[in-house]
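Colleague: Chains as they are written, first to last, in this note's numbering: chain U, 590 to 707; chain F, 1306 to 1417.
Simulated from the structure, these hints should not be mistaken for lab results. We treat Cβ as the ideally placed atom computed from N, Cα and C, and that holds for glycine. Keep in mind that a hint or two might mislead.
Unchecked claim - DSBU-like, lysine-lysine: derived pairs with alpha carbons at most 35 angstroms apart:
id: 1; chain 1: F; residue 1: Lys1372; chain 2: F; residue 2: Lys1307
id: 2; chain 1: F; residue 1: Lys1347; chain 2: F; residue 2: Lys1361
id: 3; chain 1: U; residue 1: Lys604; chain 2: U; residue 2: Lys660
id: 4; chain 1: U; residue 1: Lys651; chain 2: U; residue 2: Lys605
id: 5; chain 1: U; residue 1: Lys651; chain 2: F; residue 2: Lys1361
id: 6; chain 1: F; residue 1: Lys1307; chain 2: U; residue 2: Lys667
id: 7; chain 1: U; residue 1: Lys604; chain 2: U; residue 2: Lys667
id: 8; chain 1: F; residue 1: Lys1347; chain 2: U; residue 2: Lys667
id: 9; chain 1: U; residue 1: Lys600; chain 2: U; residue 2: Lys667
id: 10; chain 1: F; residue 1: Lys1361; chain 2: U; residue 2: Lys605
id: 11; chain 1: U; residue 1: Lys604; chain 2: U; residue 2: Lys651
id: 12; chain 1: F; residue 1: Lys1361; chain 2: F; residue 2: Lys1307
id: 13; chain 1: U; residue 1: Lys600; chain 2: U; residue 2: Lys651
id: 14; chain 1: F; residue 1: Lys1372; chain 2: F; residue 2: Lys1347
id: 15; chain 1: U; residue 1: Lys660; chain 2: F; residue 2: Lys1347
id: 16; chain 1: F; residue 1: Lys1361; chain 2: F; residue 2: Lys1372
id: 17; chain 1: U; residue 1: Lys605; chain 2: F; residue 2: Lys1347
id: 18; chain 1: U; residue 1: Lys605; chain 2: U; residue 2: Lys667
id: 19; chain 1: U; residue 1: Lys600; chain 2: F; residue 2: Lys1347
id: 20; chain 1: F; residue 1: Lys1347; chain 2: F; residue 2: Lys1307
id: 21; chain 1: U; residue 1: Lys600; chain 2: F; residue 2: Lys1307
id: 22; chain 1: U; residue 1: Lys604; chain 2: F; residue 2: Lys1361
id: 23; chain 1: U; residue 1: Lys660; chain 2: U; residue 2: Lys600
id: 24; chain 1: U; residue 1: Lys605; chain 2: U; residue 2: Lys660
id: 25; chain 1: U; residue 1: Lys651; chain 2: F; residue 2: Lys1307
id: 26; chain 1: U; residue 1: Lys651; chain 2: U; residue 2: Lys667
id: 27; chain 1: U; residue 1: Lys604; chain 2: F; residue 2: Lys1372
Claimed, not checked - Which residues of chain U face chain F? A partial, calculated answer using Cβ under 8 angstroms:
id: 28; residue: Tyr599
id: 29; residue: Trp611
id: 30; residue: Asn619
id: 31; residue: Thr620
id: 32; residue: Asp694
id: 33; residue: Thr695
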Amino acid sequence: EAGVVQSPRYKIIEKKQPVAFWCNPISGHNTLYWYRQNLGQGPELLIRYENEEAVDDSQLPKDRFSAERLKGVDSTLKIQPAELGDSAVYLCASSSPTLAGGDTDTQYFGPGTRLTVL
Amino acid sequence: QKEVEQNSGPLSVPEGAIASLNCTYSDRGSQSFFWYRQYSGKSPELIMFIYSNGDKEDGRFTAQLNKASQYVSLLIRDSQPSDSATYLCAVNRGSTLGRLYFGRGTQLTVWP
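Just chain F, with the same shape it has in the complex (with noise of 0.2 angstroms):
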């Protein structure tokens, strides 16, 4: 098993909706989440993080973290075109902080 899954995608949106990225990990000791965006040949840019279980609100973002489950979440309101990248999820396991175990990364397209 991974220690980081994203669902496969691609993902294909409208412009407007609601756009929903998962992530599951196989470490339950894992103390802190991250979603990266990626556009295509660039470097991956930091979106959110988020470590407490519960929902973490910035802008057009909401993170939701439900530690039980082992699950991380990425919801995107009023999607644009310009969100259309790979979404790339991100753990800190307990036991080796520093280290970031990435997902896959889900590719997001936004169509106007």
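Chain U on its own, in the form it takes in the complex (with noise of 0.2 angstroms):
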């Protein structure tokens, strides 16, 4: 079974010029996810879709970043413009209803994308 796809895993920019990354996910997976990573911390989300709705972007900032999820498959995620704070790396993660039932969603992360903003 491929496991979640992103693309490109690597990306260097000037600030104020725009950036997108793309994420695939698993296959059935309806839930999708992004989370940034900024060095030595931990993940943290910033937007969540079921299916093509966006049923958490609380922690994205509006102001600069966008989302989509077009047919509830793939996502891409949008900066524009880049700040230099954006420098991190970019986690897409998917998950689907564990085979028990229960509330528990495993989410399997894709590579990543490393951000460097000059």
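Taking the hints as your guide, dock the two standalone chains into a single complex.
Modeller: Set out below in structure tokens:
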């Protein structure tokens, strides 16, 4: 079974430039997450999708960040314009309710996109 | 107070020893708990999850949960150099199912 796919793996841009990240979740996973991980820190949630609907975007800096998940499969996260402080690893994860039917949604992470803003 | 706190580390143990990683969380209503392993430059990889008080064993790994003390731990028996990584504790709060709150991780080094 293929895992979560992300691209690009690395991106270097100058501040004020736009950038976009793409994610393809595990087949059949209806929940998709975007996290940001700063160096030496744990991942922090930016946005969570249930199918096409963004159900938790409270931590997404909406002045410069946007995301979409058309057709409830692939997702794109965009930053415009990028700032120096946006340098981080952007992780996409997906999940599906466990076979036991519990509330525990085990999240599987993609390889991430390492963004450097100069 | 942070949502999830982990012992600061780094933790260094010899090969074959038991490594003990600890995590506390602030929300008493938290329902499920995860341990992820993250190698340098890689993404987090799920090791175990636990949601009932007590111990849960999987091979060399044992997760322990004490909800009364708001404490979760991971024991790694017979530690191997390949276990050297950062271990992230993550908590799924009951009020926001789906969102994981991560600690900053504990770096473990197993030396031969």
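Colleague: If a hint holds in the structure, say so; if it does not, say that too.
Modeller: Cross-check of the supplied hints:
1. Simply put, Lys1372/F and Lys1307/F have alpha-carbon atoms about 17 angstroms apart, close enough for the 35 angstroms limit, and the pair holds.
2. Distance check on the hinted pair: Lys1347/F and Lys1361/F sit about 26 angstroms apart at the alpha-carbon level, within 35 angstroms; holds.
3. Between the alpha carbons of Lys604/U and Lys660/U the distance comes to roughly 31 angstroms, so the proposed pair stays at or under 35 angstroms and holds.
4. Of the supplied pair hints, the one linking Lys651/U and Lys605/U holds, its CA atoms being roughly 16 angstroms apart against a limit of 35 angstroms.
5. Among the hinted pairs, Lys651/U with Lys1361/F is inconsistent with the structure: their alpha-carbon atoms are about 40 angstroms apart, more than 35 angstroms.
6. For the suggested pair Lys1307/F and Lys667/U, the alpha carbons sit about 28 angstroms apart, so the restraint of at most 35 angstroms is met.
7. Restraint check for Lys604/U and Lys667/U: the C-alpha separation of about 14 angstroms stays at or below 35 angstroms, so the hint holds.
8. Taken as a hint, the Lys1347/F and Lys667/U pair is honoured in the structure, with Cα atoms around 22 angstroms apart against an allowance of 35 angstroms.
9. At most 35 angstroms may separate the alpha-carbon atoms for a hinted pair to count; Lys600/U and Lys667/U meet this at roughly 13 angstroms.
10. Distance check on the hinted pair: Lys1361/F and Lys605/U sit about 48 angstroms apart at the alpha-carbon level, beyond 35 angstroms; violated.
11. Restraint check for Lys604/U and Lys651/U: the C-alpha separation of about 17 angstroms stays at or below 35 angstroms, so the hint holds.
12. With a C-alpha separation of about 26 angstroms, the suggested pairing of Lys1361/F with Lys1307/F holds against the 35 angstroms cut-off.
13. Taking the CA atoms of Lys600/U and Lys651/U, the gap is about 21 angstroms. The hint holds against a cut of 35 angstroms.
14. Simply put, Lys1372/F and Lys1347/F have alpha-carbon atoms about 31 angstroms apart, close enough for the 35 angstroms limit, and the pair holds.
15. For a cut-off of 35 angstroms, the pair hint linking Lys660/U to Lys1347/F stands: about 29 angstroms separates their Cα positions.
16. Taking the CA atoms of Lys1361/F and Lys1372/F, the gap is near 14 angstroms; set against the 35 angstroms cutoff, the hint holds.
17. Taking the CA atoms of Lys605/U and Lys1347/F, the gap is near 27 angstroms; set against the 35 angstroms cutoff, the hint holds.
18. As the CA atoms of Lys605/U and Lys667/U are separated by approximately 13 angstroms, the hinted pair is consistent with the 35 angstroms bound.
19. In summary, the hint linking Lys600/U to Lys1347/F is supported, as the alpha carbons are separated by about 16 angstroms, within the 35 angstroms threshold.
20. The straight-line distance between the Cα atoms of Lys1347/F and Lys1307/F is roughly 25 angstroms, inside the 35 angstroms bound, and the hint therefore holds.
21. A C-alpha spacing of about 31 angstroms is found between Lys600/U and Lys1307/F, which places the hinted pair at or below 35 angstroms, so the restraint holds.
22. A C-alpha spacing of about 47 angstroms is found between Lys604/U and Lys1361/F, which places the hinted pair above 35 angstroms, so the restraint is violated.
23. Restraint check for Lys660/U and Lys600/U: the C-alpha separation of about 26 angstroms stays at or below 35 angstroms, so the hint holds.
24. At most 35 angstroms may separate the alpha-carbon atoms for a hinted pair to count; Lys605/U and Lys660/U meet this at roughly 30 angstroms.
25. Distance restraint check for Lys651/U and Lys1307/F: the Cα-Cα separation of roughly 24 angstroms lies within the 35 angstroms cut-off, and the hinted pair is therefore satisfied.
26. Distance check on the hinted pair: Lys651/U and Lys667/U sit about 10 angstroms apart at the alpha-carbon level, within 35 angstroms; holds.
27. Note on Lys604/U and Lys1372/F: the hinted pairing is violated, with a Cα-Cα distance of about 45 angstroms set against a maximum of 35 angstroms.
28. Proximity of Tyr599/U to chain F is violated relative to the hint, the smallest CB-CB distance being about 11 angstroms (cut-off 8 angstroms).
29. For Trp611/U, the interface hint is violated, since its Cβ never comes within 8 angstroms of a Cβ in chain F; the closest pair sits about 15 angstroms apart.
30. With a cut of 8 angstroms, the hint placing Asn619/U at the interface with chain F is violated, because the nearest CB-to-CB distance is about 11 angstroms.
31. Checking Thr620/U against chain F by beta carbon gives a least distance of about 6 angstroms; that is within 8 angstroms, so the hint holds.
32. At its closest, the beta carbon of Asp694/U sits 6 angstroms from a beta carbon of chain F; the interface hint therefore holds under the 8 angstroms criterion.
33. Taking 8 angstroms as the C-beta cut-off, the interface hint given for Thr695/U holds, the closest approach to chain F being about 6 angstroms.
Hint check: violations occur at hints 5, 10, 22, 27, 28, 29, 30; the rest are consistent with the structure.
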